[in-house]
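In order, the protein sequence lines correspond to chains S and W. Residue numbering for the first sequence is 1 to 212, as defined by the numbering used here. Residue numbering for the second sequence is 1 to 179, as defined by the numbering used here.
Because the hints were derived from the structure by calculation, they are not lab data. Predicted, not measured: the structure shown is a model, and the values here were computed from it. Here a beta-carbon is modelled for each residue, glycine too, at the ideal position from N, C-alpha and C. Treat the hints with caution; some may be incorrect.
Stated by the list, open to error - If you want a taste of the chain W side facing chain S, the calculated C-beta under 10 Å gives, among others:
1) Ile10
2) Leu16
3) Asp49
4) Asp64
5) Ser68
6) Leu113
7) Leu117
8) Glu170
9) Ala177
Stated by the list, open to error - 20 Å max Cα-Cα, derived EDC-like pairs, lysine to aspartate or glutamate:
10) S:Lys196 <-> W:Glu170
11) W:Lys178 <-> S:Asp182
12) W:Lys179 <-> S:Asp144
13) W:Lys97 <-> S:Asp144
14) S:Lys185 <-> W:Glu61
15) W:Lys179 <-> S:Glu190
16) W:Lys101 <-> S:Glu86
17) W:Lys178 <-> S:Glu86
18) W:Lys178 <-> S:Asp91
19) W:Lys158 <-> S:Glu190
20) W:Lys158 <-> S:Asp182
21) W:Lys158 <-> S:Asp144
22) S:Lys185 <-> S:Asp133
23) S:Lys185 <-> W:Glu152
Said to hold, decoys possible - Chain W regions said to be covered by chain S (calculated; three or more residues, Cβ under 8 Å):
24) 33-46
25) 50-62
26) 133-141
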Amino acid sequence: MASDRRSRVYSFAPSPPPPPPPARPARQPAPLGGLLTLGCLGIVLGLLLGACGFAAILTVGAGGTALPTPPEADTTRPDIAISIREQYFGDLLAQSLPEDWARELKIDVKPDNRIETRGRVSTSIFGQKVEGDMAATIVLQARDGKLQVEMEEIEVMGFSIGGIGEGFTKKLLGDINNLINDQVKAGLGEGAYIMKVTTDDRTLAIDVRFQP
Amino acid sequence: MSERVIVLLISLIAGLLLCCLGGSLLTLTGSVPAAIDASAPADADIQADLSEAYLNRLFLENADTYPSPLPLEGGYLDIQPGNRIGFVAQVGSPAGKLTAKGTITIAVEDGALRIRLAEVRLGSMPVTTMMRLFQPALEANINALANRQLLERTGQAKVTLLAITTDDDEMHVFLAAKK
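Let the sequences and hints guide you as you build the complete structure.
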């Protein structure tokens with residue numbers, strides 16, 4: 001017992017080394033399938049995030065209330081400029097005449113808004129039936145926003161009937177004016193305002209503006 | 001950092017890069033649509049030259065009749081050569097006002113108008129394909145409306161549509177008498 005106490009007090013021998021800590025288990029690499037799945041998920045996430053960001057950046061200019069400035073409009077120009085070929089205008093004019101009034105009607109558009117018409121007429125003046133060649137020059141004008149046809153000269157069988165056939169020509173012109181303006185209204189609408197009419201050797205030109 | 005985190009980060013960056021590449025290609029592909037080669041026919045009986053200002057007024061006056069998925073609140077047209085018409089249209093949406101820009105092309109096929117939405121963009125983003133996917137009937141509805149209005153205007157005059165051409169500031173419509 002005494003020897004035990006001595007050895008405990010005076011012994012300078014090194015103490016035995018502590019036991020080593022338990023070894024960690026070896027690090028296992030992540031399974032390849034799991035990494036692939038994760039990679040795909042990452043790409044999809046990246047695509048989604050990128051698409052949202054890209055769309056946000058690209059559509060930044062689409063918001064807001066201000067409209068970009070429109071191109072400047074030339075207010076002196078007509079809204080619509082119409083050019084009508086001589087043949088078509090002739091057919092249109094022929095439709096406006098009384099059915100049995102003129103046959104073989106020929107229309108010749110001339111400069112200065114003049115239109116020469118020639119044909120065979122059959123009508124009655126002072127109760128007398130008159131039949132023969134007719135030649136008339138009509139003038140087209142724009143008046144009060146409408147097309148206005150006026151008779152400059154009319155001859156039947158070489159004789160001017162401007163004075164004696166006034167009632168007849170007045171009715172005829174009224175019919176023509178109504179038809180032409182009806183056509184304009186049908187084609188262009190109620191608010192069409194004829195600004196100008198011009199002619200050259202082959203065409204009739206009409207400038208139109210629309211009133212609000 | 002574990003392999004999992006590294007893989008996730010790398011793939012996320014790859015996805016972002018892919019998206020940027022695709023998006024850049026997408027914005028580049030929406031180029032100006034090709035001009036339509038239309039010429040003035042020699043046998044037209046009527047030629048009507050419609051000014052840009054007039055077409056713009058018509059565009060806005062008829063705003064409530066357009067078959068648009070979102071209501072049109074403003075905009076304008078820009079006539080361009082080659083039968084192209086540029087447009088800027090402001091539409092109301094639940095997210096606020098959106099401004100779409102684009103180009104339509106206009107041609108005549110068998111006496112009828114053929115309008116095509118060649119390019120539509122929201123900001124810088126091309127949405128033409130998306131519009132065709134989600135609004136497949138939009139072009140057909142626009143064409144039906146335009147042709148109905150054309151018929152109303154030309155029906156009484158007994159004329160048929162021959163051709164349409166455009167220059168910088170006018171649209172030229174060529175009509176012929178019905179035989």
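Subject >> Numbers of the earlier hints that this structure fails to satisfy, in rising order >> reply: 4, 5, 6, 7, 12, 13, 15, 16, 21, 22, 26
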